[in-house]
Amino acid sequence: MRFNKSLKLAVNILVHSKLRSWLTIIGIVIGIAAVVAIVSIGAGMQQNVESRLGGLGADIITISPGGGRASAGFRGGHGGGMPGTTATAATAENLTKKDVLVLQSVGGIEYIQGTVSGRGEMYYLGEKATISIDGVDPLVWKEMTTSELESGRLLGPSDYNVVVVGSRVAKDTFKQPLTLNRMITLEEKAFKVVGILKESGGFGGDDNKIIMPIKAARDTLEDVGSDEFDSITLKVANTDDVDQIMEEADKKLMISRHLTERGKDFSIRSAKSTQETMSDITQTMTLFLGAIAAVSLLVGAVGIANTMFTSVLEKTKEIGIMKSIGAKNSDIMMIFLLNSAIVGLVGGLLGICLGTGIASLLPLLGMRMMGMGREGMTTAVTPSLLFFALLISIGIGMAAGVIPAYRASKLKPVDALRYE
Amino acid sequence: MVSNLIKLENVWKIYQMGDVQVPALKGIDLEVKKGEFLAIAGVSGSGKSTMMNLIGCLDLPSKGKIFLGGDDIASFRESKLAQIRGQKIGFVFQQFNLIPTLTALENVMLPLEFQDVDTSTARKKALEILNLVGLGDRVHHLPSQLSGGQQQRVAISRALSVDPEIILADEPTGNLDSKTGEFIMDVLNKIHRKDSKTIIIVTHDFYLVKRAERVVFLKDGQVERIEHNHKEQGGEFA
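The listed protein sequences correspond, in order, to chains B and W. For the first sequence, this note's numbering gives the first residue as 1, with consecutive numbering after it. For the second sequence, this note's numbering gives the first residue as 1, with consecutive numbering after it.
Hints were generated in silico from the structure; no laboratory data involved. Only a predicted model underlies this, so the values are computations on that prediction, with no experimental measurement involved. Hints are supplied without guarantee of correctness; some may be wrong.
With a cut-off of at most 25 Å between alpha-carbon atoms, the simulated PhoX-like pairs for lysine-lysine come out as follows [what the hints assert, rightly or not]:
{"hint": "1", "chain 1": "W", "residue 1": "K88", "chain 2": "B", "residue 2": "K412"}
{"hint": "2", "chain 1": "B", "residue 1": "K97", "chain 2": "B", "residue 2": "K235"}
{"hint": "3", "chain 1": "W", "residue 1": "K124", "chain 2": "B", "residue 2": "K412"}
{"hint": "4", "chain 1": "B", "residue 1": "K317", "chain 2": "W", "residue 2": "K80"}
{"hint": "5", "chain 1": "B", "residue 1": "K175", "chain 2": "B", "residue 2": "K142"}
{"hint": "6", "chain 1": "B", "residue 1": "K317", "chain 2": "W", "residue 2": "K7"}
{"hint": "7", "chain 1": "W", "residue 1": "K219", "chain 2": "W", "residue 2": "K33"}
{"hint": "8", "chain 1": "W", "residue 1": "K63", "chain 2": "B", "residue 2": "K412"}
{"hint": "9", "chain 1": "B", "residue 1": "K410", "chain 2": "W", "residue 2": "K219"}
{"hint": "10", "chain 1": "W", "residue 1": "K190", "chain 2": "W", "residue 2": "K219"}
{"hint": "11", "chain 1": "W", "residue 1": "K26", "chain 2": "B", "residue 2": "K412"}
{"hint": "12", "chain 1": "W", "residue 1": "K125", "chain 2": "B", "residue 2": "K412"}
{"hint": "13", "chain 1": "W", "residue 1": "K65", "chain 2": "B", "residue 2": "K412"}
{"hint": "14", "chain 1": "W", "residue 1": "K65", "chain 2": "B", "residue 2": "K410"}
{"hint": "15", "chain 1": "W", "residue 1": "K219", "chain 2": "W", "residue 2": "K194"}
{"hint": "16", "chain 1": "B", "residue 1": "K8", "chain 2": "W", "residue 2": "K219"}
{"hint": "17", "chain 1": "B", "residue 1": "K410", "chain 2": "W", "residue 2": "K63"}
{"hint": "18", "chain 1": "W", "residue 1": "K33", "chain 2": "W", "residue 2": "K80"}
{"hint": "19", "chain 1": "W", "residue 1": "K125", "chain 2": "B", "residue 2": "K8"}
{"hint": "20", "chain 1": "B", "residue 1": "K410", "chain 2": "W", "residue 2": "K33"}
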């Protein structure tokens, strides 16, 4: 029998099938919709991460104390975080001016900046908050930062008791927003606000920080030695050289600090590698959630199989009739397999519509996920996701239909005809 | 009309019912000539339906040989049997056995489609036959929208669609009133005479039996006697 004829008969069975078949289809619809929605959330997160980390600059390499994958991750651009409180600071030696000198001998680097960072108590109009503080070399920072000014100016070379403030510190931390030329108190010292940064939104941005000249930071923060840094940031001249420069910098630091691979007490990473790590995390999460959604697909598949068994039983007499007028086993097999494939297809199509609908509604609900910044969750429904969802649903339909279809095809015509 | 189209040699059919073996046919020998109008008669349980199933390749004998056009069907695989059923045999059942979700036309086209005949040819052929049995204006009706007699005529059309050598009819009038049954028998008779097709009907209705050329009486799975009706030749009744 020709394929299109088998298809026609398979469609005929579905069209004339009872409510039960449609209930089965709903099982697949829900499964596929869940998978589509969840994977689109994952893809959205990934796009989000990529676009935000992209803002860090692909040409930036960060070196921070502490071995392996320790502290550098989320804080990205300015690494380190909290000296004195991180475990690494106690055991590992801080980065020093000597390291900066060593790094200067690595080719292809445009700028090198040593940063000290920490957290300090801040008073403003009678309110108190604990804020991250970065001490930077004003001249180099000006060149390297990806943050933009909203108002005021960046730090200048002769500045001392002045700060530039991240947008969230300025707007959200205190009841009264910080404005230009206000005086604030940090660790019992007075500073003047000379600049307020635009919101960057991403990881490792300066939104939650206060930036001041490094000299002032050394005098203000505790536990900061006079020639120590909490991180060293390199800006490479050519983005393509990032990996190679990272490798060279790593090697030179190891030698100058007299380290072996096991005793390594600093970590080196680029925006690119941070991005990759983050992508890994979101991917794993998507996979995990997708696996949960896949369980409902599995339930749907069992539903199809169940319906198909019943359907075959119901159609026993018709199978007998078809065999008596010349249908081969393979014809019967084809008809029933196509029938279950169509159940999968229809379920998949409806599921894709529902899943896409959910995916487009989720951001409107304004749900926030893991530090995605101030905007809501984003979702991304890609054509390839839809294509695979459809392929999977058809596949599930067929897989669930194989055994019932085989059984149907093996019925003895004389027995099938006698079935009432 | 001399060659044997069908030949049964010592055919046994034994059903296993739990531990008990129940023989339905016990050593049947029979020859059917091409173009013959044969009736298989007997009370229920005599084995006539079993015999029809065997001749129609719906089932295989437990013992013995069944030759269809010279080939022993007992040696055939299911796919080959399906092919024989589809090409050489047309079934007419007591219950009509139409596919309820297909229209009259689609039901008649179905055997042709199993034989990979292209749609337009199948359609033409099916319409032609349906017109012949007087259902030209009912082709798009579902079986449930047709009367019993009309359904049986659709079933006969379906049996004829592949132009088979043998028409096997199992109590073809069993579910019809006598007048409609008469009409159906006229249709079968016409097919027999006009196209000289071999027709075998299975029945317990003695009125139907008289319309066949030869009657095989079965009793307890064995041939009790064979009678010849010479109605066609000279109206002589046995």
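Structure-based check of all given hints:
no., hint, in the structure
1, W:K88 with B:K412, "19 Å, holds"
2, B:K97 with B:K235, "17 Å, holds"
3, W:K124 with B:K412, "32 Å, violated"
4, B:K317 with W:K80, "21 Å, holds"
5, B:K175 with B:K142, "30 Å, violated"
6, B:K317 with W:K7, "29 Å, violated"
7, W:K219 with W:K33, "22 Å, holds"
8, W:K63 with B:K412, "18 Å, holds"
9, B:K410 with W:K219, "32 Å, violated"
10, W:K190 with W:K219, "30 Å, violated"
11, W:K26 with B:K412, "22 Å, holds"
12, W:K125 with B:K412, "29 Å, violated"
13, W:K65 with B:K412, "20 Å, holds"
14, W:K65 with B:K410, "24 Å, holds"
15, W:K219 with W:K194, "33 Å, violated"
16, B:K8 with W:K219, "45 Å, violated"
17, B:K410 with W:K63, "22 Å, holds"
18, W:K33 with W:K80, "23 Å, holds"
19, W:K125 with B:K8, "19 Å, holds"
20, B:K410 with W:K33, "33 Å, violated"
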